[in-house]
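S.K.: Residue numbers (my numbering), protein chains in the order written: chain X, 956 to 1665; chain L, 956 to 1665.
Please keep in mind that the hints were generated in silico from the structure rather than gathered at the bench.
Quick caveat, the model's predicted, so the values are computed rather than measured.
Careful, some of the hints might be misleading.
[Unchecked claim] In the DSS-like style, the derived pairs of lysine-lysine whose C-alpha atoms are separated by at most 25 Å in a straight line are:
#	chain 1	residue 1	chain 2	residue 2
1	L	K957	L	K993
2	X	K1575	L	K1597
3	L	K993	X	K1293
4	X	K1370	L	K1030
5	X	K1370	L	K993
One-letter residues, chain by chain:
2 protein chains.
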Amino acid sequence: MKLDFLFRPRSVAVIGASNRPLTIGHRILQNLSDSGYKGAVYPIHPAEDTILGLKAYKTILDVPGGVDVAHIVVKNTLVPAALKECGRAAVKSVIINTAGFSETGAEGIRLEKKIIEIAAKAGIRIFGPNCQGIMNSDPQVQAYCNFTFTRLRRGAISVAAQSGGVGEVIIQRLASLGAGFRMYASNGNAADISIPEIMNYWADDEETKVIIIHLESLADPKEFMAIASRVSRKKPVLAIKTGRTAEGARAVVSHTGRLMGTEIPIELMLETAGVVGFNDQDELCQSAIAFAAQPLPKGKKVAIVTNSGGHGIIAADGCVEAGLLVPPLSDNAREALKAGMLPEAIAGNPVDVLATATPGHYGLALRELMKDPGIDSILVNFITPFFVDCEGVAREIVNACAGEKTAVAVIMTDKAQQAKTLQIIKEGGIPVYDFPETAAKVLGAMSRLSEYRSRDREAFKPLPDVDKTAARSVVNAALKESRSILDGRECAAILDSYGIPRAPAENCGSLEECLAAARKIGFPVALKIDSASVVHKTEAGTLALNIQNERDLTSEFNRLNSIILSSPLPPSSLIPHPSSFVVQRQLPAGIEVIAGAKAVAGAGHVVMFGLGGVFVEVLKDVVFQFAPLSRPAAQRMVASIKCRAILEGFRGKEGADTAGLAEILIRLSQLVTDVPEIIELDLNPILAYRDPSRTAAVDVRIKINGRALA
Amino acid sequence: MKLDFLFRPRSVAVIGASNRPLTIGHRILQNLSDSGYKGAVYPIHPAEDTILGLKAYKTILDVPGGVDVAHIVVKNTLVPAALKECGRAAVKSVIINTAGFSETGAEGIRLEKKIIEIAAKAGIRIFGPNCQGIMNSDPQVQAYCNFTFTRLRRGAISVAAQSGGVGEVIIQRLASLGAGFRMYASNGNAADISIPEIMNYWADDEETKVIIIHLESLADPKEFMAIASRVSRKKPVLAIKTGRTAEGARAVVSHTGRLMGTEIPIELMLETAGVVGFNDQDELCQSAIAFAAQPLPKGKKVAIVTNSGGHGIIAADGCVEAGLLVPPLSDNAREALKAGMLPEAIAGNPVDVLATATPGHYGLALRELMKDPGIDSILVNFITPFFVDCEGVAREIVNACAGEKTAVAVIMTDKAQQAKTLQIIKEGGIPVYDFPETAAKVLGAMSRLSEYRSRDREAFKPLPDVDKTAARSVVNAALKESRSILDGRECAAILDSYGIPRAPAENCGSLEECLAAARKIGFPVALKIDSASVVHKTEAGTLALNIQNERDLTSEFNRLNSIILSSPLPPSSLIPHPSSFVVQRQLPAGIEVIAGAKAVAGAGHVVMFGLGGVFVEVLKDVVFQFAPLSRPAAQRMVASIKCRAILEGFRGKEGADTAGLAEILIRLSQLVTDVPEIIELDLNPILAYRDPSRTAAVDVRIKINGRALA
């Protein structure tokens, strides 16, 4: 077990231990003592004989046994010397609580580099600096290597938080919800031991049922996604998303000096890794409890049982808004409910068992829903009327819901008056919430993970009919000439090598070549200046569409040529080589879509898809996914734009071949994965038609970079 | 005070009182006794001598004093007789807790009608039936006329809930947040005393600072909006919105047998009435506490102060997502903060005072933000480090935030360990939250109300230059002929009478008339069949656009005429009168917008605006407001569609004169307000241009109904 020395230390030293109560060096010792830590504790202090009743040592070298974890809480400038001593004492790891490193600017960055070097040389792992520390509630360990205030209480949820404040609030909330935690880690600047490494360790810890993470910045997004993808298949990983808004992101930069993963939307990164993201710390904690206690739902279909009609409505609204379905019940269930419930009860969904429902009514309803094949999970509302056997209802909820379907309970009551009722349900393994809104969000989060996992079967399969060598040789040739924008001929060659359809076109250097090309391609044609020269063709007036004959082609050629000759643009942006014109077949009106890919630093390529023109410019109706794309992922992209109705054929208009569009996205994603030097690729527009053979890219732009970014 | 007899009863009788503990007739007496009710209590029972130690009376007629409130808890079929006796005993009001009335179907509806008649005749006001009752925590009253479990605890928030379950959960949550309540009412079927009437009463109750309402259905939406608009100007009215989704609405229908206000979006109704709507009961309760304790913010600009960087980021994300702004601080504030805070503190927004911040640092930062003219409200995060004087920080928060700006605090701690810290802040009138996310939502809700109130200055001003008589005479003439769809000539006359611009057009009966009209209007023209005959012209092929000359007009006339003659449509839908053709000026390409109005049962007219074509059909990019519209309201509609960038002129394309579009909406709204017999009016499309004089409606459709719906 790679991180046992940190999370299951046999001994903990505190360099900078103190007898003064309001110091970190005192608090850590106090916490180790209060938590009943099972290992040896060694306060290190140059002068004191004892601290908190423990024998103190002058230096770490004086400690009799080996040291697994040494806290370092001395001043930042003294940390390098302390670390060197730890090296000589063969300490396995240090938790550097001291602040004043990379979070404070250039000087601190230098100091942090220095301690990383010292530790690497000495074979010591660093946790921190500028951090809280770790905790482990395992009764065999009970390590509280941290200076905060939440008491150790055994649980099934492990929490790793970059910010100690956020980690503290999360475990505090878990405690107030009665859940406790398994292990805890807050590693601040994360100079060495990273949260992905900790996740990996917890993936193998049997008693950790759920992992919660909080991240503000990531040294290596690709490592995070690779590890998180693996861990999230073994156990649920839940994350709080921060810096979602521009203002939040600005605050991240002020706080940690860097952003999560440059321009990658954090949502996309988490979703790709199968991590369930939350915007709200409380929702995250409430959900963690259910993830730890209940099986994942097989699908999105929820049945609601309620003895308060008003809360049935609230639950239905909440479920739908959480992305769930509240379908009608099966005929069997409905008949059985009608037969067994009170005459005025409502056998719909929600099932309203009425305020006067007995334990028997609840039991009957829940058992029927557990049997209904059209239901994946159950949300039980119970408001406690004074005239009902509430503990009996609680027992029925526990007994009837002990099955393979997900069940959560909303108990609306005075908690002091109904402590026993609540206890019965909680001890029965059913998560209890105060509000139907919360329970609905929790079920929504569980069904998201269930959906992510179902995508695991959708592995990317490389297509056999692509010519990687051809694409690579085009890119290599351009790189050799230090060019970053490919010209029309090169773009065409690359698309052709990956089977991405494009409108027939020829690059030409003279009027004669243009006329010959038009005869070959067939009128009508479009005449453009090569994509390597200008970007927004329509705006620059360097595009002629719908040219019907040779006479018009001649006059348009002359017009464009004079624009080139008199261009006020800097010469470098207009390549005056002999193929700067493109004659292209003029495609008939179709649906304009756009597709593209972009390298994001440290995280591979993101593929983009959307409708073109006003839809992308005004509505931002585009979707993103990391490359490479499985076929279902590509199909999901095409199906998930807001204006998908246009692709389907809106009001009698011709739609588009969506399977063909998905195919283009797959090929595009494979291209940038195979040839990562392509850092930007835009197909804008692609004209799409119902007929699969006609869809084709009209404009292509490819940007390359030899230094592998991804 | 109109409802004093109900909320401040001098005496309460319970018809159906009982010595059996698990009955409602027992529980109400117990609650009256436990709450220390100040008035007289009269159990009514045919046989018992005493109930819960109180003298019991055989009938209500035997009670010695006058009765303000008589609970009726006997079987539903016995309620009419009980009510008659109450009439003879001059009881002022009855709370009918008994269920089995209109909520149960036809039989129950009859029974409910019957009791309404009896009560009206006897001059008794009914509260309920099928309801919980009322409570009043006023120390002079302490009335607990209800059978639920939340203890009376004095507070400033009054709660009226149609569903007793929802009301109970709300006051239970207020209690657990330490807030208590002022008065409470849950009136179930609301056969007589309505929630609007109760709101009206509470508007004049000085100790009610905030009103919370829950509604599932409304007998009279217009009454609700009128009263709520008045009350929400005096004190904040907060509402939980239920039945927002199709599934939720279906559950409302199962539960109460009717929907809020037919097809009116509940959001629109609440917003129009200045009521702050919530999707979440907890968010509602958390917000109510701040509304009761703090002034409303003047605007949306929030400053965040934090000693946990991670929570500063979370707060910033939360504020932005709640519709607030997190702007940079003024130079003055920034300089003062830099000078007074710790060297590594961050004087941005969020202000990160650092974990080691003292009370002095907090005080300094808060006082500077209170002075910053660019800040409307403050969100203070405080996570309690063990080495900081937390109570001192609490005192500074209270002292520094005692001003005219809104302030809320997030105290992240172990509540038992820091009880005193929490108490200092709460007693200082600063609402305390567990999470920044909650505080951000609360500030968002407060700024919404502040925005609604600022709209009060935008009264609707009737335009002088409309000819109501002309419009009304067109409608009256058509009604006399029992027609519900107006023809093109009539629509044109109505638009002209209200100054709504339209494309020049003439109704014609023959080819000769068409040719004459085209000469007068000028080519190009469009030829259509009258709007009273067919609805979707393009689909039916009965529309000819861009006719350039007389020859083409002749052939198009012949084509359309043969369609009419051979039409498979039922004859009634094609009016064969001599004006069934319309020759209209062909307007050049412009931006297609749509505008309309529709009567909604019991709530007046709703005006609609959006972009035409694909934007309305696929994107549903339309907005709604109740008529009549003030100018700012109309401008807001035009500015609030998602694709407003298209109106502004997107990517060099011509935009539209948005002021002129707002003018059309105002005129439209005045038309349907003046002539409510117009139950549907569609201008689809209006072609809009940058030039104000050119924008004009191209197609008009008006539907009328003589029975005033609105």
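S.K.: Looking back at the hints listed earlier, which ones does the structure fail to meet?
M.R.: 3, 4, 5
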